[in-house]
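Chemist: Work the whole structure out from these sequences, hints included.
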Amino acid sequence: MGPMRPVATAVLILLVSMPARAAGISFMRDVAPILLKRCTGCHGELKQSGRYRAHTFADLMKPGESDERPVVAGKPEQSQLYKLIAAHDEVDRMPQKDDALSPEQIAIVRRWIATGARFDGGDRAAALKTLLPPRQHPASPAVYGSAVPVMALAFGPGGKELFVGGYHEATVWNPSTGALVRRLPSLPQRTRALVFSKDGKTLLVAGGTPGEYGEVALVDPTTGRRRKVLDTFDDIVLAAAYSADGKRIAAGGADANVRVYDAATGRRLWSKKMHADWVTSVSFSADGRFLASASKDMTVKVYQASDGALFTTYSGHNKNFGKYKGQAAVYAVQFASDGPLAFSAGGGQAIHIWDPVKAAQENGTAADMEERFSKQGHARYLDHGFTLDVLAMLVRDGQVFAASADGMVKQFDLATQKPVRTFQGHRDWVLALAHDPGSNRVATGSHDGQVRVWNAQDGHAEQSVVAFVASPGFRGDTTAAAAPP
Amino acid sequence: MEVKPAQVTLDGKRSYRQFVVTGWFDGQARDLTHQARFAVSDDRVVKVSHARASAAGDGQATLTISAGNQSVRVPVTVANTTRPDPVRFKFETLPLLTKQGCASGSCHGSPHGKGNFSLSLFGYDPRLDRISLTRDGFNRRINVIEPAESLMLKKPLLELSHVGGKRLRRGQNAHSILLAWIAEGAHVDLPSVECVAIEIDPGRSRILHAPHLDQQLAVLARFSDGQARDVTAIATYETSHPSIASVSDDGFVTGKARGQAAISIRYLDKLESVYVTVIEDVPGFAWTPPAQNNFIDRLVDDKLRQLQYVPSETCTDEAFVRRVHLDLTGLLPTAAVVRAFLGDKSPDKRQRLITELLRTEEYARFWALKDADLMRVSPKTLKGDRADLFAGWIVDAVRKNLPYDKFARQILTAAGDSRQVAAANYFLAIPTIQDRTEMTAQIFMGSRLECAKCHNHPFENWTMGDYYSLSAVFARTKAEDGVVKLVSTGEALHPASQQAMTPWGQASSTRAAPDADRRVPFTDWLTRKGNPFFARVAVNRIWAHLVGRGIVDPVDDFRSSNPPSNVPLLDALAAEFERSGYDRKRIIQLICESRTYQRSTQKSKLNETDDSLFSHARVRLLGAEQIKDAVALATHSQPPPSAFPAQLVGFQKQAAARRAALETDHVGWLVPAAAKVAQMPLWLGGWYMAGPFHHENMDEALKRPYPPEGKPVNLAEIFDGNRWELQPEFRDGGDNLVGEGNNLVHYLTRRIHSQSARPLAVTVQPKQGALLWLNGQLVTPDALHGKKKLTLQLQAGNNELVMKIANADQKTSFRFQTDKSIEATGKVQDDGMPPHVVEVLAMPAPRRTDNQRRLLRDYYLDADRDFSTLRQKVTRLEKRMEYATQRPYPEATPFMLAFGQPQRSTACTCERSNAPTLRQALELLNGDVTHEAARVGAAHYAKLDNQAIVDELYLAAYSRWPTDKERASARKFLDTAPSRDTAVMDLVWTVINTQEFLFQH
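So the sequence lines, in the order shown, correspond to chains B and Y. The numbering of the first sequence is this note's numbering, which starts it at 1 and goes up by one. The numbering of the second sequence is this note's numbering, which starts it at 1 and goes up by one.
Hints were generated in silico from the structure; no laboratory data involved. It is possible that some hints are incorrect.
[To be verified] Quick list of in silico lysine-lysine cross-link-like pairs, DSS-like style, CA-CA up to 27 Å:
(1) Y/Lys-585 <-> B/Lys-47
(2) B/Lys-97 <-> Y/Lys-114
(3) B/Lys-47 <-> Y/Lys-166
(4) Y/Lys-114 <-> B/Lys-273
(5) Y/Lys-114 <-> B/Lys-325
(6) Y/Lys-585 <-> Y/Lys-406
(7) B/Lys-47 <-> B/Lys-83
(8) Y/Lys-703 <-> Y/Lys-676
(9) B/Lys-97 <-> Y/Lys-166
(10) B/Lys-37 <-> Y/Lys-166
(11) B/Lys-47 <-> B/Lys-62
(12) Y/Lys-114 <-> B/Lys-319
[As the list claims (entries may be wrong)] Label pairs and their computed distance ranges (CB to CB):
(13) Y/Lys-166 <-> B/Lys-62: 21 to 29 Å
(14) B/Ser-337 <-> Y/His-785: 48 to 56 Å
(15) B/Arg-51 <-> Y/Lys-383: 36 to 44 Å
(16) Y/Gln-498 <-> B/Thr-422: 24 to 32 Å
(17) Y/Leu-918 <-> B/Glu-68: 38 to 46 Å
(18) B/Val-91 <-> Y/Gln-35: 26 to 34 Å
Ideal Cβ placement from N, Cα and C applies to all residues, glycine included.
Modeler: This is how it looks when you write it as structure tokens:
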């Protein structure tokens, strides 16, 4: 460095004169949030400017291109990290081409180094953001200025209440009248999955903040209190499910992870990152042997539910041959409640119905690839007739319900493979589906914030029982913001 | 002082208008925008900041703008400030995503997007963008409840990791607008209104004279509903040369260094450019008016003087004689020519040489080669003799100096059999509508249109609409079986709207007759005087051929963001070209006569940094053909082309004499030959073929009867334009190519004559599926697939064999052979005479047609070895085969390819490479071509005495006398060498391996 400029000197004198409150500094609490907010954008998993990364503690301490030690414990002036954030000259200063860190932030980093640069986070190799404690969620808006897209729905026990994913909350509505019953506040920003435990006493809530945070939590369905946060993810959680016996929970999301937990203890049983893209849906087989995960990477992966060993990959949504060929993202996978069959759908013209064991046999090896290409395979196809992608699907007692980006919701009979009813009313992408077996009613939610409840029992009643915008206090016109699909 | 705009109307509370204030000092413009003072009569109506007026409230006001002692008053009207003024998705959000770089080709605008997020390139498909932004990924990117939480803002702000880096800053206009758009509900309406034009102040070009290097731009967009809005803050700015002029996000241009740059301004699919010339005073620069020979020199010198470059001296006679020969004929001048030129003391000798060279056959052939490169003349694409026909036509056009508009018209409107209408081969070389669109645009409009096939052109105003309206021009031109025909159906659909486009050049209001030739109105438009492309592109190509760099460079990349380095020069040349009636020779002559062309390659301190203004000549590596020929000429390993005419006449005479003798003989041969055929117990005649017919499915194709099927063969019958044609090259036992292409059906027939009823065993091997009939009876109940032995039950006399061949992919061919192993077959004629000749000989002489008589005669003539050798020699000389620069499609040898010979697979001049490579060095140092040339050359030169060897070699290779020093050292080398022959060879080899030899200078 050249001769020190007067201003920089003044700052240094000021900093040196501050009392070092060693006890008051925590890396995880004070320093890591600064790194995550201002540094890891360029020095992290996606980008490694100057061959330096700061997204794990181990990486933070490793020199980059310059070979200068980033952190020399006790000696901020010899620590490249400190020197660069405190540099006066904009050409040298970090973050580059951006506003400087605030004097308070610079002082925190300095004090942390000066007091020994201790790590209080546990795993040095883990991404810092996964070491942060679960977020405390802010309050939900008292009144919604805009309608929030409905991405998760669940009927409460007995079908008396309908739970809807909101913004930093879940809202509870009367499914017959559309009246707001209560609000469960301070949940993740977006909710993508709401699932009731077998006993109806716990609500599994999965969601997060797109691009930065995911959360899976067990919530009291009466008060909304988070009883336990099972896990946090690097990106929003897009799917969660209970096993049929209620003993296990699975979740997966935009960071491509699939994870399984013990429902009773909350302990993580396994975590796998096998997909090349977002995990959009997860489902346990009826016998509890398998877990399936669907992904935007055009595959469905089937794992042994016990340990996460990959059992097989279903590639039927990415085929160059046969009648049902094409390359399509998969947005929904569900096992039948009474047999081995899996149902999967997304882009393309059909819902695929297949058996994981047969799919594994057909996968074979590279050597017989040609033969396999020419074969039809065992999968069956249910032509759905939607004009756009299927975004949500449910399989219940010989019935399949599917909802599409074209605004349509359809009910199919499995025995005849024919559509039974088309529920028509949404004017935007339909993102969520729930079914109440007691009343045989279906609830659907769309991007424009609308929730509709339909009668799946009666042969004629294809008009919705009730329709409302599940954004409390919202007074606007939902159609104004909607783009036609 | 000049203020733009002269009046302002602001509509809506977010509306604004950028001012551009120009001061004039001694006739030179200087930007005063940010020095001028703005006084507002009523700040409740309008506010001004950074020379930008923005609406404050409804009403009228006056702005007084002053600089120095001058001032200008601008009336301002403001309306509708109390109404909501939401952000417009199509006109603000999407242009901003382009401006911030999000929708660029290397980021989310790439075909598959980036990081799971995909936008259309520069927003050409708003329908896709609105789904991507607001729906895809489960509402991932937009947060209408807390707009600042939106991922589409947090990522470019670098609040989250973003591979694309920092693309947005808080407080920046782009950030506020995007944030407001989300806060308002992220509306994605797509009104049918379109932007029709953008207008830039201060205009198309500006000179920035140091130290006044700033220039504010203002951009006004005009819309199809008659509205106009200032888009200065949301337009995208780019500079062609960042080191010469930079431009900020707000359209503020700063000159950086002496030179010329184009600032491109994009808004939606509209793109305009402002040409900026930056002038700095160069120490030591003083302008002494150089000699000027014509207007070219005047315009080049004007530009040099403006940018303060001093041109180089005029080149020496030695440099000139070599340069002009290479440029006009492709060939080095011979030692004799150089000696004569250097000895000539007349002042007009350069001009006379230019005129003389332009009259030579070598000029016509060498310049035709350049056209043939672009037109893809190659035997690979033009089968049979079509490449020759087309090339011959081009040579003839250059030889006759066919006006270039007629040249273009004859090519672009060609129709008919390509054997009769040679220019029609243009469409045969490029059978697809895509190639026709792109090649025509590239050759005649100097524009690279291919980007606009899938999206609006990233650097140019070309839109998909333009692409498909040019496609529509060729949508009704079919090229099949060597015939270009016009059909009355066929459209080019715009991929987005699926609407049939109006063909380019045709007024959209007129509904032309379906069978009208759409190419005619296009060609009318193209060749009309004042067409923005045609003349400019043509003269620029000529300029680049002669000078080594286009005024627009690359020569086929005309676009507003790639401006000419000297606009008045290109305009004047184009105007002269039009005035002269598109006379290419005239332009070549003018350029060669100019001092600019005749400048030395020697640079000075005052022009060494110039590479585009033509202050000095360029040192250029010779083209592949030129090098090959230069080696041959300098080493005397081939006779010089000047020897051709005498040789040619000699061979022609010999050939004619031989032919006359043979024609007499052949009459005597006919009778005994016919008698011999009559004795044959069995003969097979020539194959006739009809087809192709097209099918969808091979099995059905074999079952379904096509017109020639199910009736006796009548060789005169025509089926949908198909007729039976003799296939003289088909041979029994050989692989006979039936056709190329997918899903075709062909019918073949031949006559088999037997003196008695008998079986004939044959082997038939179709490449794909086939059926056979003998005398109308199907002999293959099951279709043949692959090799099969059959026995044909012949009747006495003539038998008619018909074969139907269907194929599914690429090529279809068959083999047919009589089976000699079977005794019953008996003797089949086998005296080497082709079947179709036997068949004609079997006919009674009076029944033979003229064609058949000619066929017999040609067979007889071809069979004579002397005659065919002579004929080959004549053809070779006529085509000047020995010299690569003299052949319209020179052979592709490793040597030629190493030196950048184009393969002719595109219409881009860039296919010809003149970059030095390692392979060139290997070819020169170790290659067969140089080795053989040195060997032959040594034999030639060794006959001379040592003094003469050096002189002649230097004159032939370098077009100059050796210097005293060179002469002395070369002589010493030869005089003292242990083996004189080896020494001469080494000397020849050394000379052709020098830079001076390989480069034009």
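Chemist: Give a verdict on every hint.
Modeler: Now for the hints, and whether the structure bears them out:
1. Distance restraint check for Y/Lys-585 and B/Lys-47: the Cα-Cα separation of roughly 58 Å exceeds the 27 Å cut-off, and the hinted pair is therefore not satisfied.
2. Restraint check for B/Lys-97 and Y/Lys-114: the C-alpha separation of about 23 Å stays at or below 27 Å, so the hint holds.
3. Taking the CA atoms of B/Lys-47 and Y/Lys-166, the gap is about 12 Å. The hint holds against a cut of 27 Å.
4. The straight-line distance between the Cα atoms of Y/Lys-114 and B/Lys-273 is roughly 20 Å, inside the 27 Å bound, and the hint therefore holds.
5. At roughly 25 Å between alpha-carbon atoms, Y/Lys-114 and B/Lys-325 fall within 27 Å of each other, so this suggested pair holds.
6. Restraint check: the Cα-Cα separation between Y/Lys-585 and Y/Lys-406 comes to about 14 Å, which is no more than 27 Å; the hinted pair holds.
7. Proximity of B/Lys-47 to B/Lys-83 is assessed by CA-CA distance (about 21 Å); at most 27 Å being required, the pair is judged to hold.
8. At roughly 42 Å between alpha-carbon atoms, Y/Lys-703 and Y/Lys-676 are farther apart than 27 Å, so this suggested pair is violated.
9. Taken as a hint, the B/Lys-97 and Y/Lys-166 pair is honoured in the structure, with Cα atoms around 8 Å apart against an allowance of 27 Å.
10. Annotation: proposed proximity of B/Lys-37 to Y/Lys-166 holds, straight-line Cα distance about 13 Å (limit 27 Å).
11. Using a Cα cut-off of 27 Å, the hinted pair B/Lys-47 and B/Lys-62 holds, with the two alpha carbons roughly 16 Å apart.
12. Between Y/Lys-114 and B/Lys-319, the direct Cα distance comes to roughly 23 Å. Compliance with the 27 Å bound is thereby established for this hinted pair.
13. The given range of 21 to 29 Å is respected by Y/Lys-166 and B/Lys-62, whose C-beta atoms sit roughly 24 Å from each other.
14. A hinted range of 48 to 56 Å holds for the C-beta pair B/Ser-337 and Y/His-785, which are about 53 Å apart.
15. Checking the proposed 36 to 44 Å range against B/Arg-51 and Y/Lys-383 shows it is violated: the Cβ atoms sit about 57 Å from each other.
16. At roughly 28 Å, the beta-carbon separation of Y/Gln-498 and B/Thr-422 lies within the given 24 to 32 Å, and the hint holds.
17. A beta carbon spacing of about 41 Å between Y/Leu-918 and B/Glu-68 agrees with the range 38 to 46 Å that was offered as a hint.
18. Our hint of 26 to 34 Å for B/Val-91 and Y/Gln-35 holds, since their Cβ atoms are close to 29 Å apart.
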